[in-house]
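Below are the chains, spelled out letter by letter.
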Amino acid sequence: MSMFIKKTIKLEQQIDEFLDYVIKGGLIFKLGVKCYLENQETEFEGYLAELRKIEEKADDLRRNIEIKLYTRTLIPESRGDVLGLLESCDKVLNTTTDTLLQFSVEIPQILPELKQDFLDLAEISTLCCENTVSGIRAYFKNIDAVRDYVTKVQFYKKETIKIAEKLKRTVFRTEIALSQKIHIRYFAYHIELIAENSEDVCDRLSIAAIKRIE
Amino acid sequence: MDYSVWFFITSGLFLGWSLGANHAVNVFGTAVVSRMVKFKNAALIAGIFVVLGCVIGGEGTTKTLNTLGAVNAIAGSFTVALAVGTSVTLMTKLKLPVSTSQAVVGGIVGWNFFTGSPTDYSSLTKIFITWVTSPIIAAAFAFILFKILKFTILKKNIHLLRLDVYTRYGLIIVGALASYSLGANNIANVMGLFVSAKPFTDINIINLFSVSGTQILFLLGGIAIAIGIFTYGYNVMLTVGKEMYKISPITGFVVVLAEFLVLFLFTSQSLEKLLLNLGLPTIPLVPLSSTQAFIGAVLGVGLAKDPHSINFKVFGKISIGWVSAPIIAGVITFISLFFVQNVFEQKVIIKSEYAITDSVIKYAQNEGINIEGWDKLIGVRYEGVKEIKSELLKLSEYSEKELAIILNYAEVDSFLIDSKKLKYNLYLKNETINELKKMNGLKFDNKIDLLEKLKEKKLLSDISLNNKNYEQYFKISKNK
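These protein sequence lines are chains A and B, in that order.
Going by the numbering used here, the first residue of the first sequence is number 1, and it counts up by one from there.
Going by the numbering used here, the first residue of the second sequence is number 215, and it counts up by one from there.
No lab work stands behind these hints, which were simulated from the structure alone.
Just to be clear, a hint being listed does not mean it is correct.
What the hints assert, rightly or not - Heads up, incomplete: computed chain A residues facing chain B, CB under 10 Å, no partners named:
{"no.": "1", "residue": "Thr8"}
{"no.": "2", "residue": "Leu11"}
{"no.": "3", "residue": "Ile15"}
{"no.": "4", "residue": "Ile75"}
{"no.": "5", "residue": "Ile143"}
Unchecked claim - Chain A stretches covered by chain B per the calculated footprint, using a threshold of three residues with CB under 8 Å from any CB of chain B:
{"no.": "6", "stretch": "76-86"}
{"no.": "7", "stretch": "179-192"}
Backbone N, C-alpha and C define an ideal beta-carbon position, used for all residues, glycine too.
If we strip away everything but chain A, and leave its shape as in the complex, we get (with noise of 0.2 Å):
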């Protein structure tokens, strides 16, 4: 018995490790978001590379993950949900790679008035990352806590698009270029999205949770 135990406690802190990733990846992507803001490249290209290293151990645990799951035959009623939030929780931590690699290759010029919103969409946005990994760690071991973290998320999600709508009108009522106009409002977008896709995650969450109480 005990060596089934000891496999098991090992996938469970690979699934903590996990998340871990996911984590880091939204406190880099804030960091990262800042240091372009205040045009720190060196700084802000370090961070990436950082992000981006992170994304693809993210990865590989992942399908670790996934194939002892599997092969395994573990959790077989909840394995398809298991697999489904992780694979949706890598997603958020895409986005957020994506999102500053962006950043790196299209070199948006944000106009300083629009700098503490992008620092808020991305603060935000972060937490709604954060509180989809708690919400998730708490699916594994204390699922009374799930609806706590989904209700956060959904919170700071629709703070997100308050934020948004705000950058975009401001930067369409100003003076510049519209191809520049567009460029940052899919900046504000994409930032955007990682609530957006944190949210989702949150609904496979719910139910989720639901079905393993019964």
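The hints should help you fit chain B onto chain A, whose structure is shown.
Chain B only, in chain A's frame:
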């Protein structure tokens, strides 16, 4: 040894095979269908524990069936078992709710009717009440267990993956326990019909190890059940299991645990002995339908989860089986016995001799039975139930229950106090056994004399407590 015995017990072995094939799903269905336990492992565990259950714990329920009617000729046992098997198959084909346990009771009553043997209606009532209560008790157990388990899981914050490992082990353990109880409870259906016919003699290996003929029968029955599990259990799990048994592993664990507890309550002689020693009322040991206990437990869990989701019509469907299964099996048995006796010229009953003696009159009077005119019957030997019954009914209109009591006392039989047989006794106090050992070798022509002797030695209070079980230990079979 008469080799025809092997032919005659085939019908019982077939019943066993069918039981294993159809009922493995009740103990390991959820675990296998949800892929928590591999079928090979499940079948191996179920097979071993079913055999153990049959050999170690099968006596209790078998005694109850034999009290209802002791099919004492091997051809009779063969016919009843075959008729029961046929009626179960027929009813399954017709999609009528059926359980082997209920069909067997119908078969025994059918044999009683055909041979004119009295039916012990108090046993029949006891059995019927058990059928009705067992799914309800299973539902109550499952309801409570589910609430406790849910509370514990939520309170302890067990990781989903670790819970998965615990559930797997839990499913294996309760599956093994339920298999044991299934064997112990249902072996009466498979081999109980052959016990009174005693096809096998006791084996004593160098005075060290002894196996009773009944245990040999039960071992064969257990092996037949195990073969049923191995050969056809998986197919049944795949077809039936995917619809009815598609429940979560944790629910499955609760359901099988509740099913085990119910089977155990109505099977365990040790529990009966414990209750007796504590001066508490005992639980009748009766073969049950494990499927109905399973359904009851599923409903219990459903009730704990969401009372509105329960389809109470299921109970209605089950209750039809309580009546239709015994009646259909009884009719088929009656017709089959007629053919076996008259067309194939086989003995379906070994007729007992009866005689009214002074002691019989004394005992009957104590039971409050009208003994008017019995003095004329003293000294006459009646060869068969029908003969003595018709004589008695000329004197007074006795009820079936009264007739059963009279016949029980009036039967002329051979009893021997054999110290070796006492080894199997779970019920008697040690002092009683020691006292009986002193009387080793004493023979009695009928039961009354034996009872008188026991009374004289002040042993009757201990022995009579145990529902006529003494017969099994003292009686010499007439067909030897």
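These are the hints, each one checked on the structure:
1. Because the beta carbon of A:Thr8 sits about 5 Å from the nearest beta carbon in chain B, less than 10 Å, this interface hint is met.
2. The restraint placing A:Leu11 at the interface with chain B holds, with a minimum CB-CB distance near 6 Å, inside the 10 Å limit.
3. Interface restraint check: A:Ile15 against chain B, minimum CB-CB distance 8 Å, threshold 10 Å, status holds.
4. Because the closest C-beta pair between A:Ile75 and chain B is about 5 Å apart, less than 10 Å, the hint holds.
5. A least Cβ separation of about 7 Å between A:Ile143 and chain B falls short of the 10 Å threshold, and the interface hint therefore holds.
6. Counting residues of the stretch 76-86 of chain A whose beta-carbon sits less than 8 Å from any beta-carbon of chain B gives 4, enough to reach three: the coverage restraint holds.
7. Restraint check on the stretch 179-192 of chain A versus chain B: 0 residues with Cβ-Cβ distances below 8 Å, three needed, restraint violated.
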